[in-house]
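2 protein chains.
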Amino acid sequence: MKPAEGRRRVVIEDIQPQVACGLAPARRFLGDSVQVSAAIFCDGHDHVLARLLSKYHSDPNWLSTPMTALGNDLWAAAFSVDRIGPWLFTIQAWVDHFDTWCADLRQRLAAQPDLASPDPARRDLPPQEIPLALTIGASLFDQTASRAGASSKGSKAADAKQLKSIAASLRTLAGKNSALYQYPLTPQDEALAARYPDLSLASLAEKELRLWVDRERARFSSWYELFPRSTAPAAKEDQPAAKENQPDPTRHGTFADVELLLPEIAAMGFDILYLPPIHPIGRAFRKGPNNSTTPGPDAEGSPWAIGSAEGGHKSIHPALGTFAGFDRLLAATHANGMELALDIAFQCSPDHPWVTQHPGWFLHRPDGTIQYAENPPKKYQDIYPLNFESSDWRALWDELRSVFQFWIDRGVRVFRVDNPHTKPLDFWQWCIDDLHRDSPDAIFLAEAFTRPHVMYSLAKRGFTQSYTYFTWRTEKSEIEAYFEEITKPPVSDFFTPNLWPNTPDILHASLQTGGRAAFQQRLILATTLAASYGIYGPAFELCENLPIKPGSEEYLHSEKYEIRRWNRRDPNSLAPLITLLNQIRRTNPALQSDLSLHFHPVDNPQLIAYSKSAPAASDPVASEIVSGKAAIDGNDASAAPAAPSVPGDPAERANTILVVVNLDPHYEQSGWIDLDLKQLGIAHDETFDVEDLLTGIHYQWHDRSNFVVLSPTATAHIFRLTRNP
Amino acid sequence: MKPAEGRRRVVIEDIQPQVACGLAPARRFLGDSVQVSAAIFCDGHDHVLARLLSKYHSDPNWLSTPMTALGNDLWAAAFSVDRIGPWLFTIQAWVDHFDTWCADLRQRLAAQPDLASPDPARRDLPPQEIPLALTIGASLFDQTASRAGASSKGSKAADAKQLKSIAASLRTLAGKNSALYQYPLTPQDEALAARYPDLSLASLAEKELRLWVDRERARFSSWYELFPRSTAPAAKEDQPAAKENQPDPTRHGTFADVELLLPEIAAMGFDILYLPPIHPIGRAFRKGPNNSTTPGPDAEGSPWAIGSAEGGHKSIHPALGTFAGFDRLLAATHANGMELALDIAFQCSPDHPWVTQHPGWFLHRPDGTIQYAENPPKKYQDIYPLNFESSDWRALWDELRSVFQFWIDRGVRVFRVDNPHTKPLDFWQWCIDDLHRDSPDAIFLAEAFTRPHVMYSLAKRGFTQSYTYFTWRTEKSEIEAYFEEITKPPVSDFFTPNLWPNTPDILHASLQTGGRAAFQQRLILATTLAASYGIYGPAFELCENLPIKPGSEEYLHSEKYEIRRWNRRDPNSLAPLITLLNQIRRTNPALQSDLSLHFHPVDNPQLIAYSKSAPAASDPVASEIVSGKAAIDGNDASAAPAAPSVPGDPAERANTILVVVNLDPHYEQSGWIDLDLKQLGIAHDETFDVEDLLTGIHYQWHDRSNFVVLSPTATAHIFRLTRNP
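Protein chains in written order, with this note's numbering: chain A, 496 to 1220; chain B, 496 to 1220.
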């Protein structure tokens, strides 16, 4: 079957960014300049023009931005996103008969008959060709004038008059039948005509693509996880017990205790305080210290065994405090310039009210019991999984969604979601979409330590950030390969990493054996490889490194099962380094986004080097509002190709950071870095300044090869590059 | 909004092959085993099963092929295509509760309480766990029996009975409460249950993907182009005039003259004889020898200046013969085991009947004239282009389509389409689709010497084969890069190259200066790099190498503008080499497809080495017919996972060819090839036989490093590899 309009000759293919063929939105962040590219071409030799159309999903009007030809049929343009939530973009392109005519006329003029020329091609141009071309141009100007004149608006009416006058002068010129013609148009004439293109046969991309825009915190965030149960001061800070870091299980920490720590956490430079589940902890099969299944009566249990007679996911563990206490903590967190992240774990202690109220949400065995959860080889005897194949799945989905809504309504906007990969992908897509409709500022961090396809699929279905394999990537080659994958398209178009050197579940072998140097090294990698990172503290800053047994990643005396006391005044604490790193992150925009990450070769496998850079504030994009549907139907004539937006010149990057880390926690390592100067905006043979932000020391570096030495104590350089004046 | 069924937990992503997000069909060839892959996974730890569903588009039933897990959530299966035309395929996948249960039971049995064990984990399995698991298994077998029993067919009823009996025995076993259980199922029991999977919550891929299957000639073809006008015997073959290859313009060649040459062309091994346009040639602005615009009255003109008072695209140039003569030539071509390809050029001489009958199909200038065609810097004063922006475009499309139909109706099935990139892409999509509906065996070769995006877009819109940049790729690095691109996905999924070392339009500089060695070298590259190639003869085999002027790719005395006489008996003709190469291509399946092309490093940039291999006849794919819609709605229970299809073992390739070519036409070159042994199916340290099919000489090669010397006269090896017994 023929298309409705077979004369739309321009083809628009392979629009980027595009995730899963447009099934999922690409993700960007507030304030981003969204670079869009496509292959755009038509048959034959006619010139083509294209414009990017973009809008916030609910806006009636499209923003039109002229696209620039990059060569070989690739076109690009950018638009800025100034609101969070769903955006739409598409591309419109058309044959530019006016520009085709200009180029054709220029060719004919250049080939005007020269009877004296020995080249026959210079003698045989039919004499009527140029006057004919001028007459054709006059018609084009007349048509352009009609399009301008269709509007009754003052300036357009004046344009129409001016266009008609150009048409008339071209006709006059044609009548003269001159022997030698000059090009008859001024740049102003051409620009005026270009403001009223003929869109009647414009092609529109075959789909509108979606973009989801998150707020800044989704891109750049520093998370601090702590167990509130362990925040009760063991004694006065200056008393010996505290200094010796003795466990003192006499009092369960409360929201009020956490509140007292807020200034200290904020001073370290964190912006998200993340608490493990704060809900009532079940009694049945409650775990004791070190994951014991035969604990004493005073066992505190795991916060992830959610639900008891005191309530479920919308209740608070009485030992932590009340809703009033929670509200105070939330307000105080905000007052300290941070946000509070809650841990949402969709699973139930056997005592959870859902178990009796909604037996259909659980899978009962022939003897009436429910099989506890397993994440092989881990066993969670104190936890029942939910059965998403329940025939009552609609009610289950609604209830789970309402858990998020409950805490959103209390003012929480950041959620760390426990094991999302054990709940259906379709559930997350619906749940997050639905929550985002009213709360586009909600952030969801997926704790999806699972296979790559599942991890990525969760991101495509709406999770804002994700835990990563960083925790297990310790060799240079595997760090480079992994970060090349996750910070470049297609993955970076939908996946935002959040790096954790440790979690309550994962004490990696490198930390167990590498001493303080390993903690420093992993911290520096986490804070500089990605714009979002987190630590499970105070275990991290105090370099807690004892596993429950050799070969295990579980902590000895894991805080998951008992109260710990931490000596936050330990002089060996990494808190000063953390504070410095967070300061460096805040003052260097280069470290606040992942997309510019670039690895530089070093001739020593124990040394890794990478740079990140942030562009100078970009020029405003030349674009204009066009009326809604009319723009796309081709009845609109406001597709003016104003000054095109051009991707930033790497030489003009405002902030460039170069990080070099010694991956060996035991020995000094040295080597030559082979800098990719183009990436750094440094010229060949140039001498430039590098300031180590960790020490304040300046060095003068020269050209691409530079030498570094790093010891286990001075484990890294974080250089800020500055071109010498 | 929630999905209609939220319990379909399996996700199917990134199905391959998929062209342009499924907008265009992937292309395969008759008899191909179509490898399909996808990422398939579900939440949690349940096992997953998947099947590939495929069918010829009009079949009511789907063919179901069980998919195999390749690891990391990648799954694959293949189906064979035994009909040309449109096929559909999709994937269905579901949670395999039965297999999940088997694995769970095995784990529990392995962990049975061992009271003597020092490991507490070996002592604490609750005693009821295994009997409970057995009871759950009994229920699964009962459910499976119900699905089998739903059919009244004899064998299924027997299966249901057997399944019920297994369920009963599991219950009995559970009741025994044994101290130590053995795994209770036989492989036969498991296979029986697996024949009746529960598809009620199966997921179906979000789209059905299209596949276009062409006949063999679309994949593997050897084209010979000649100008019928130049086929009149100048004199008796044994007379001096013929031997001296003197032009003798006394008689215009005819279809009957071409007929006489057919045995000779067939004997060279060609299977497609391609003729430039055979339609009446216009008189207006007719071109003379060497593209002269001021020819004498006897000028023959260009066959691409189509149309005169004698007719247009559905007429025959009277000097060539009549329709009866054409029909005889067509029949004789077939009788000689070849097909006839016509050149379809949608453009008109000013004398073409369309110019007066359909003035709306042309763009008239203000003075009433029509601008002639240009393909800068070339000028075609004798040709008018069609105006596809005509308001009468529907009639124009219909008429153009009818040109193909006219010749299809006379028995032609192969078309070389001139400059398709100067006609709208949407036109081709419609035209080829529409022609293919009734004539799926029609082959369209795109003469699209244009930019890559346009060239590829024509292939996506239906062109079977395409001319390529091969003609201009002469350096090793550029040959390797180009062929890596066009013989691997994504490009190879829609684009089939046809290599031409020369055409009437292109006498490449390398042929002008490289002498006979250059012709040999380019011929060997064309015949072995791609399964489809063509030459413009006899210019090629007679090593015609004079350009019209230095720096031009146009032939002196181009046959486009005048009759040439060729001495087909020239003892220097490359015809014997062509014959040998076509023979090698016919007897070695490795050279009949492009997808296995693999380059091997040589330590000399003047030597290029590459291999191709064809698998042994593949095992039949285990698959079965399932009823149409029911299969997809999940009411069908015939998704038996029979023996899975596994991609071929490279060691078992039936035919492997290794080509080494000296790219230097002037000097001997030698070097060490570093063979990729895995690709060749050769073991490390193995000695194997290589037979040069050009000379018949055998060599014993050993391991990966082997030495070659090639001179300008013995310009290549075409080795057939055989493992020693």
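No lab work stands behind these hints: they were computed from the structure.
By construction, the Cβ of each residue, glycine as well, lies at the ideal position given by its N, Cα and C atoms.
Misleading hints may appear alongside valid ones.
Residues from chain A that face chain B, not an exhaustive set, calculated with beta carbons under 10 Å [unchecked claim]:
| # | residue |
| --- | --- |
| 1 | Ser532 |
| 2 | Ala534 |
| 3 | Leu569 |
| 4 | Arg778 |
| 5 | Asn870 |
| 6 | Leu891 |
| 7 | Glu894 |
| 8 | Tyr951 |
Restraint outcome when Asn870/A is required to lie within 10 Å of chain B by C-beta distance: With a minimum Cβ separation of about 7 Å from chain B (threshold 10 Å), the hint on Asn870/A holds.
Status of the Ala534/A interface restraint (C-beta, 10 Å, chain B): Hint holds; Ala534/A Cβ to chain B Cβ min 5 Å, cut 10 Å.
Residue hint Arg778/A, partner chain B, criterion CB-CB below 10 Å: Violated - the Cβ of Arg778/A stays beyond 10 Å from chain B, reaching only about 19 Å at its closest.
When the least beta-carbon distance from Tyr951/A to chain B is tested against 10 Å, hint result: holds, 9 Å
Minimum beta-carbon distance criterion (10 Å), Glu894/A to chain B: violated, 13 Å
Hint check: 10 Å Cβ-Cβ cutoff, Leu569/A to chain B: holds, 8 Å
Interface restraint verdict for Leu891/A against chain B (beta-carbon cut-off 10 Å): holds, 9 Å
Supplied contact hint for Ser532/A, tested at 10 Å Cβ to chain B: Since chain B brings no Cβ nearer than about 12 Å to Ser532/A, farther than 10 Å, the hint is violated.
Figure legend: structure checked against the earlier numbered hints; hints not met, in rising order: 1, 4 and 7.
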